[in-house]
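These protein sequence lines are chains A and B, in that order. Residue numbers 1 to 236, in my numbering, belong to the letters of the first sequence in order. Residue numbers 1 to 415, in my numbering, belong to the letters of the second sequence in order.
Honestly, the hints are just simulated from the structure, not real lab data. Be careful, since some hints might not be right.
[What the hints assert, rightly or not] In silico DSSO-like links for lysine-lysine, alpha-carbon gap of 27 Å or less:
{"hint": "1", "chain 1": "B", "residue 1": "K16", "chain 2": "A", "residue 2": "K110"}
{"hint": "2", "chain 1": "B", "residue 1": "K309", "chain 2": "A", "residue 2": "K85"}
{"hint": "3", "chain 1": "A", "residue 1": "K138", "chain 2": "B", "residue 2": "K268"}
{"hint": "4", "chain 1": "A", "residue 1": "K149", "chain 2": "A", "residue 2": "K85"}
{"hint": "5", "chain 1": "A", "residue 1": "K149", "chain 2": "B", "residue 2": "K268"}
{"hint": "6", "chain 1": "A", "residue 1": "K110", "chain 2": "B", "residue 2": "K309"}
{"hint": "7", "chain 1": "A", "residue 1": "K149", "chain 2": "B", "residue 2": "K309"}
{"hint": "8", "chain 1": "B", "residue 1": "K16", "chain 2": "B", "residue 2": "K309"}
{"hint": "9", "chain 1": "B", "residue 1": "K309", "chain 2": "A", "residue 2": "K136"}
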Amino acid sequence: MSNPIASSDKNDQVVLRCQNVHRYLGEGEGRVHVLRGVSVELNRGQVYAIVGPSGCGKSTLLYLLGLLDQPDDGEIYLAGEAMTKRGDQARTAARNAHLGFVFQFHFLLKEFSALDNVIIPMRKQGTLSNSEMEEKAKGYLEDVGLGDKLGRLATQLSGGEQQRVAIARSLANTPSVILADEPTGNLDMKNSTIVIDLLTRLSRENDQAVLIVTHNHEIAQKCDHILTMQDGLFLS
Amino acid sequence: MSPNIRIALRFLTANKRAMAMSLAGIVFGVGFFIFGQAQTSGFEQFFVKTILGTDGAIRVQDRIRITFTTMELEDDDGSPWVIENTENFKHIEGIEQPLEVIEALKKFDSVTGISEVLTGSVVMGTNFRSYTGRLYGINIDDHIAVSDLENQIIFGDLYDFRSKPTGILIGSGLARLLQVTLGDTVVLTSLGLNSRYTVAGIFETGVSDIDRQRVYMKLTEARSVLQRPHGASFLQVNLVDPMRAKEEAFHMMNTIFYHVASWQERQKSWLDAFFVLRFSTALTVSTIILLAGLGMFNTLAMLVLEKTKEIAILRSMGYTRRDISSIFLWQGIFVLIAGTFLGWIVAILITYGVSKLPFRVTGIFSTDSFVVHWSIWHYLTATITATVIVMIASYIPARRAAQLEPGDVIRGTSQ
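Work out the full structure, taking the sequences as your base and the hints as a guide.
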């Protein structure tokens, strides 16, 4: 079974959908068929967890859904638009408008403060004034409990705090979908719980779809849907 | 401020030490480039000014006689045709009728003065020793109009020269060789005849070759010494704009049928030598900028390697490939702007300082200090050179940064 969630093309709750996606990685004899015709759809306000053993294709699928990689076959629809054949420019613009990312390593820009890190995606979008961007970023940082550390450089924050800044940054442009690849992989249990609770709460408040790739079954249990993957396919 | 510039500035200030090294290279490269040009072109300008002040913008000499050669032939059908060879010229040395040529030259609007000159070799002797000099017979007032002789007098004055029929003006180098000073007597020997003359003035042009050989005398006296009662060796002509001497010379030659040599033509070998010197100085000093460019390349290439994760996350947030490359290019541009500006200041300080150093230059030229030439073109050339080198050095790592695939970087980091 490759489509664990009932498909409904006309359902306007669906923000991200992929259909029969195949992806090969590697070259020559080392070439591996990582995704073998995966289909999935994500609805607004829902939190999804993809679980499965290492190498089953979880992260590969997340990068494809995040338009950071191109499938060898199949189609990906973001906000109703087919994205696979779109150029790099269009896919980059779509990422800025619709997608937020949280990775295992926070990837904060260490030369910038927590506030500036959250503002960076907004500056690229260029729809808000400086003061509006600052207000919005402050709001997100307060939401993740860092309202008193706005001016701290990334290097002056703990691992858990840095990951919370990364979550605030993923929310910056009010995306339709947040894609999180092992967001707690580098955190202790306490911080992991904080991060997952934050993601689930904010997604419901903002009516966003959240897709979390994780090895941690306790974290997966907190999500609305658990998608189990094995050998490049979802199990039913 | 655009987000790309903001990020570039932060990346730049986070790499202060490496960037400071590149910056220093550009500052000194640009500074020494400009100083090198100021110095070499300073001597070139000095030479040109001296040549114009001594030998004038244009020299009219040697009449041209066109010797047409024709050959009459018949075609197959018997119709006649003629081959004309119009490229045969004959040069007749000197100017036989100087007054006629002067009248013709006066019709050119660009001409500001004409001096009739008679030259020849003479042996100049004192009790101490003898040297061969080059005698120039001139009408002093005409010659002042086409030269800077009045200001080149370092001892004596033109009043003595005008008032004494046997007065001569002698070059400073020649005066040193003969060990004569004002009022001393010199015996001039030409064509077996000896005549005694008094040193009425000593001049210095600054060009050693001239100062070691030249002696001025009234034209009438020169005719007697050189035994040339008629004609002139050449006419020295001054122009409103000496820089247009080449074009004016061509125009005059086609009108009066005399060989007309511009100062650029007469001093071609020297001007070529100056050009080569200036070019080689620029090339040598450019290596400093080139090294700074390599430093810049190295710094930015390392930065791209260090920042692959940041580049990937920026790409995932919606920054385009062009944004990424512009972030790195802007860093190069900031270093370039700061380096060029500081380089200009260094150049101004060094050029000014060296021009004020009391340093006696002797040899081909004689000056009391280093001669420098201030020109905006030196600053522009240095800026263009630095811009080309730094932008190439920045473009390569910037392009590499833009080509990074965010998925590959993040996948690599997560494993």
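Outcome of the hint check:
| no. | hint | in the structure |
| --- | --- | --- |
| 1 | B:K16 <-> A:K110 | holds (15 Å) |
| 2 | B:K309 <-> A:K85 | holds (26 Å) |
| 3 | A:K138 <-> B:K268 | violated (73 Å) |
| 4 | A:K149 <-> A:K85 | violated (42 Å) |
| 5 | A:K149 <-> B:K268 | violated (73 Å) |
| 6 | A:K110 <-> B:K309 | holds (11 Å) |
| 7 | A:K149 <-> B:K309 | holds (23 Å) |
| 8 | B:K16 <-> B:K309 | holds (21 Å) |
| 9 | B:K309 <-> A:K136 | holds (25 Å) |
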